Amino acid sequence: MSGAPVLELTDAAVRYAPDALRLDGANLTVRAGECVAIVGPNGAGKTTALRAVLGLVPLAGGSARVEGRAVAAWTREELARGVAVVGQREEPAFPITVEDAVFMGRYPHLGPWRRPGAADRAAVRRALERADVAALAARWVETLSGGEWQRVRLARALAQEPRALVLDEPTASLDVRHEMELFELVADLVQRDGLAALVVSHHLNVAARFAHRLVLLAGGRIVADDTPRRVLTDPRLSRVFDWPIAVQVLPDGTPQVYPERRPAAGPAIKESR
Amino acid sequence: MGREGERAGPESGDLTVRSHTDPLSGGLVRLRPGGFGLCVVALTACGPQATRTAAPFTDAWGRAVATAPAARRVVSLAPATTELVFALGAGDRLVGRTTWCDWPAEARAVADMGNGIGPNVEAIAATRPDLVLVYPSEGNRAAVAQLEQLGIRVAVVRQDAIADWRGTARAVARLLDRAAAAESLLAEFDRRLAAARAGPAPDSPSVFIAVGSNPPIAIGAGSFVAELVGLAGARNAFADLGGPSAVVSLEAVVARNPDLVLVLGPGELAAEIARRPGWRAIPAVREGRVLAVDGGEFNRPSPRLPDAVRALVARLTARSAAGPAR
Amino acid sequence: MKTLSRGGFAAALLGALVGAALLGLGVGGSGLDAGEALAVLAGGGDATARAIVWELRAPRVVLGFLVGGSLAVSGAALQALVRNPLADPYLLGLSGGASLGAVLAIVAGVASLWAMPLAAFVGALLTVLAVYRLALAAGGGLDSRVLLLAGVVIGAFAGAITSGILSVTESVRVRSAMLWLLGGLGGVGWTGAAVLAVYAIPALAIVVREARALDLLALGEEPAQHLGADVARTKRRVYVAASLLTAAAVAAAGIVGFVGLVVPHAVRLLRGPAHRGLLPAAFVLGGALLITADAGARTLFAPQELPVGVITAAVGVPLFAVLLRRLATRRLA
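Residue numbers (our numbering), protein chains in the order written: chain A, 1 to 273; chain B, 1001 to 1326; chain C, 2001 to 2333.
Hints are supplied without guarantee of correctness; some may be wrong.
[As the list claims (entries may be wrong)] Some chain B residues judged to face chain C by a derived CB distance under 8 angstroms, without partners named:
| # | residue |
| --- | --- |
| 1 | W1103 |
| 2 | P1104 |
| 3 | R1158 |
| 4 | I1162 |
| 5 | D1164 |
| 6 | G1212 |
| 7 | P1215 |
| 8 | V1247 |
| 9 | V1248 |
| 10 | S1249 |
| 11 | A1252 |
| 12 | A1255 |
[To be verified] Okay, the calculated bits of chain C under chain B, using three or more residues with CB under 8 angstroms as the criterion:
| # | segment |
| --- | --- |
| 13 | 2166-2176 |
| 14 | 2185-2195 |
Derived from the structure by calculation, the hints contain no laboratory data.
Note that the structure is predicted; figures quoted are calculated from it, not measured.
From the three backbone atoms N, C-alpha and C, an ideal C-beta is built for every residue, glycine too.
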């Protein structure tokens, strides 16, 4: 079950332009042992919410806390020891091997001077295995496929041995198997190791399968924050996504959404039903 | 007064055997060295001039330059030429000089035309000269062409070595119609030079002639300063250098162990150089055998050359007499 | 794939340095060979031999080590800072500013030994400051693309003024200026080496302290932040330190090219990109390279001496081509 709050936004507002609020009055809590997914249409402010929680953007109002402390009170290194982030895009400027890349996950623990020890090397090994990239350890990162690189970055996040995971579109380049594997891994980390996980995803269905709670964002405001079953309803989704969306329920109670085809204005391409 | 054709100057072989072409036409005839000793009187196509003999001469770029009419308004684009014009008694005809023309003092009163290489053609043309004396540098090709197009008489004269200078003195004198002055100038020059070399000679010390200190640049053979040093009875330690000057490694200087280091510049420069790192490895520097010579007469051939030689001889013999401890 | 173990690589590097030092001490226009030079170091030799070794060769070896090392480290740091493998120590308009300073000193006719190094140093730092201000004014946080552009712009501006000044200066001075700018290790002697060390050592310490942050920065600014780097602080510190290293090196030796560009890549290829090892290795390799280049500059066309920048370019370009080939073949692996 869920424990103490790890990542919190209280009434947070973020302003990018004088009269435009990117995020308005956002309340968000992610507890240990809990997986929360932020979903919503493009431009709703999902990534902004992530940045706000991590203290990467100044707040125009409200507060952001990590493990009960204001995020501004954390040094970046301290924060990196507790929270691991896998962003959307990353491109190293110089050639680097997978193993060296994952090893950089230990840097928050090493500081500028400490030499790596057996514990660090063991953490890297474990991370490589859990993310299923151990076989790629000697490969050069630039030779990897998009999906492989994403898993390597997840391995790096695991090497940080964090208490919270923040993932921004982690499965964008992954096929079905790898997407499911990644989410199964996150679920395992949350359940077994008690991590708090905050995931931004476009993939409503996968999020619905794995997240304890869904936070639906639209136009900078949180429209719904509840279990997937309660958040994913036809009228609400259709309104928020501005497209007719229908919801079906799987045997185990998980809701799955599918978008409807637009009713044909001209001659139909093919007859249905 | 204008019958110079028969005397072959140091630019020998440049006697003309045909009439020159009008300088207004861009394509000057290149007159190849004909025989020698032939004196051909040729009437120029310059219109109703006096029928003096006025054989044109070939300048340093092989161009034929008319020697009549005598030049009345002269622009000199090299310090050596300015000095020469004054020495020929025609300083009042100068209407333009370069920024670097510093001798004689009267030269300062002449209008400054700027650089001698890559000159400001408009400024020169504005003085309405009838003769422009140009230094033979590649950077002046365009300027010479432009001046020709404007119909201005241009003579490219070389004065890097003493032999050049004598020939140029005569040539410029022809252009100024001051041939007699040139002859007496050269005669006087030879007399004073012989006198300067007549006294006790220093015992042929080897000299490292340094013009730059960082990095060190040595003067080789084929430059005026090297000639000057030779005339003063010394040997150039770097006479084998490929060109007139080159950057040398200090170790090479140490290896050649010159008796004397000659620095072109003011006395403070010599003291400064002696203090520079690395130079103390040269025995001559360690033992204070550094001479500084400064002034235009050491940089370029001029009527003052005999004075420069005399000064140099004096300092060299003083050093030999005083021994290496100086 | 690393071709050598860590220990093997370090040994090879030190061997290269010792070899270069022996070469630098053992060759020169006077015919003194390495054996005699070593004898002098041990305390013997006549006055001339001692003068040659202590006044001429040894200072150049030490200076070559410091200048080559400073340039290599500065180049490596700047490459990470702007995330661009084509960066070199003169990236941020430094060469333009140093040239301008030096030319002004020459044209002003200041004869003192220290006038030109000082002028080059001040010129370099002033341009760095100008680039810094320009980049900040363009909007937040020393963005690497803005830095690059500002450096190019200001460097070009300084270069244009330098050319303008040279075009109206008398030719002897112009030649002096150009020769100094092409780079040489003979100008400043032991004192110059000491002054360079005074600047280089603290600057080096700053850069090495940020070594891990530079590793992270190479991934991108956001990933670096997520992994604990204080990006703004690292950029500031490395920027200042690299500028100091380059400015001090240029003041001592003029503008020596290619060392700062090629050496970091060579070390990356042989050893990997982690800066904790890359930076010291680059220093040693850069130093060895410059000592060797200087030995060549002094002896290839004896008694004439070439500017050392000519040798580093002549060697650096084919070396760079080889590196590019290796990089390319590795991409296919």
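Hints and how they fare:
Evaluation of the B:W1103 hint against chain C yields a violated restraint, the C-beta minimum of about 15 angstroms exceeding 8 angstroms. For B:P1104, the interface hint is violated, since its Cβ never comes within 8 angstroms of a Cβ in chain C; the closest pair sits about 20 angstroms apart. For B:R1158, the interface hint is violated, since its Cβ never comes within 8 angstroms of a Cβ in chain C; the closest pair sits about 16 angstroms apart. Taken as an interface hint, B:I1162 does not check out: its beta carbon lies about 20 angstroms from the nearest beta carbon of chain C, beyond 8 angstroms.
Hint status for B:D1164 relative to chain C: violated, with the closest Cβ pair at about 18 angstroms, above 8 angstroms. Taking 8 angstroms as the C-beta contact cut-off toward chain C, the hint placing B:G1212 at the interface holds, the least distance being around 6 angstroms. For the restraint placing B:P1215 at the interface with chain C, the shortest Cβ-Cβ distance is roughly 5 angstroms, inside the 8 angstroms limit, so the hint holds. The closest approach between the C-beta of B:V1247 and any C-beta of chain C is roughly 5 angstroms, which is under the 8 angstroms cut-off, so the hint is satisfied.
Here the hint on B:V1248 is kept, as its CB sits about 5 angstroms from the closest CB of chain C, short of 8 angstroms. Interface hint status for B:S1249: upheld, as the beta-carbon distance to the closest one in chain C is roughly 4 angstroms, under 8 angstroms. The beta carbon of B:A1252 comes within 3 angstroms of a beta carbon in chain C, closer than 8 angstroms, and the hint placing it at the interface holds. Taken as an interface hint, B:A1255 checks out: its beta carbon lies about 4 angstroms from the nearest beta carbon of chain C, inside 8 angstroms.
Given as covered by chain B, the segment 2166-2176 of chain C passes the check, having 7 residues with a CB less than 8 angstroms from a CB of that chain where 3 are the minimum. Check on the segment 2185-2195 of chain C: 7 of its residues sit with their Cβ under 8 angstroms from a Cβ of chain B, so the three-residue criterion for coverage holds.
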